[in-house]
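Colleague: Here is what each chain is made of, one letter per residue.
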Amino acid sequence: MSERRPLDAVDRAIINRLQGGFPIGERPFAEAARELEIGESDLIARLDRLLQEGFLTRFGPLYDAQQMGGGLTLAAIEVSESELEAVADQVNAHPEIAHNYSRNHPLNLWFVLATERPEQIAEVLSQIATETGLAVYDFPKEEEFFIGLQLQV
Amino acid sequence: MKTAANLALAAPSRNALDAIDQRLIAVIQGGLPLVSRPYQEIARRIGTSEAEVITRLWRMLSEDTIKRLGVVVRHRKLGYRANAMVVWDVPDETVDALGYRLRRFDFITLCYQRPRRLPEWSYNLFCMIHGRDRAKVLARVDELVERCRLQDTPHEVLFSGRCFKQRGAVYQLPAEAL
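Residue numbers (our numbering), protein chains in the order written: chain C, 1 to 153; chain F, 1 to 178.
No wet-lab data here; the hints were simulated from the structure. Take these hints with a grain of salt, some might be off.
Unchecked claim - Derived coverage of chain F by chain C (criterion: at least 3 residues anywhere in the stretch with Cβ under 8 Å from a Cβ of chain C; other residues may be distant):
#1 16-29
#2 32-40
#3 47-58
#4 71-85
#5 100-109
#6 117-123
#7 148-162
Glycine included, C-beta positions come from ideal geometry on N, C-alpha and C.
Given the sequences, and given the hints that come with them, work out the whole structure.
Modeller: Right under this line is the structure:
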């Protein structure tokens, strides 16, 4: 990550193409590489570098925690600026936390948690409320209209 | 706390995952091997055939157990520094209509209905917009207001500040499945 090398057009094409999916077959890299008009070994080497340098957080499956029988929710806490970091650490100490961001609103700490079983969501949120002494608001999804997080680079 | 029994009990109501599925998920969640025949390599690690791995991955994708296979970007590092959660207070009767309308805007990356938490929180429709800077994101929000006639719909734009954690949801595999 220390080495700053800009992405070239091929890197960008790889990122754009592979956010939409990766082939499943005997030679998936060769198949994807053909579409990108590069060689199989070039694609593998570039993916390796994009992962090493931190442009990609992962290369693999995205699971649906709920389809797998688990629990998933978005939750938020209102915390003073001076305590924000300490509370974020308390929240992150739970391995179920997937994302955790501050946001510019009185309700300012927003995090996503995924659990193995649905009932663990309430357990973890209640532990966080106890540990922080703060109210934890749970915002489970009631309806999903769209999920297609793909960014063109 | 995390046992095979828990998972097995939880799974049948959704998509039943057998022991091979569980091993497969555990092996690939850290990432696909960067070799010419990754599914053969995965098969070797879990003691099955390449064809079996391919068949099971197709099935899990078609059942939505795996939403997709591919790359996940670190959006900030790629220049998407403004990440906004835009929340709307929409009458319950029209939230579906607006949700389906918003999904047609290609700059919206996620859109969910979530519960209000009155009196502190009155918003029930949440969508995400990622942009290179805040001004661009705010221009998108203006565009939504204009095109969906949301001038009278209360809304707020919550930009992300510090990222305290970002990782994919990790599937907890029962130890005995390995």
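Colleague: For each hint, tell me whether it holds in the structure or not.
Modeller: Each hint, compared with the structure:
1. A stretch counts as covered by a chain when three or more of its residues have a beta carbon under 8 Å from one of that chain; for the segment 16-29 of chain F and chain C the count is 4, and the coverage holds.
2. For the segment 32-40 of chain F, the proposed coverage by chain C is satisfied: 8 residues have a C-beta within less than 8 Å of a C-beta in that chain, meeting the threshold of three.
3. Here the segment 47-58 of chain F counts 4 residues with a CB under 8 Å from a CB of chain C, which clears the bar of 3, and the coverage holds.
4. As drawn, the segment 71-85 of chain F meets chain C at 11 residues by the rule of a beta-carbon pair under 8 Å; at three or more, the given contact holds.
5. Remark: the segment 100-109 of chain F is confirmed as covered by chain C, as 5 of its residues place a Cβ nearer than 8 Å to a Cβ of that chain, reaching the required three.
6. Judged by the Cβ-Cβ criterion of 8 Å, the segment 117-123 of chain F is covered by chain C as claimed, because 3 of its residues qualify and three suffice.
7. As drawn, the segment 148-162 of chain F meets chain C at 6 residues by the rule of a beta-carbon pair under 8 Å; at three or more, the given contact holds.
Of the numbered hints listed earlier, not one is contradicted by the structure.
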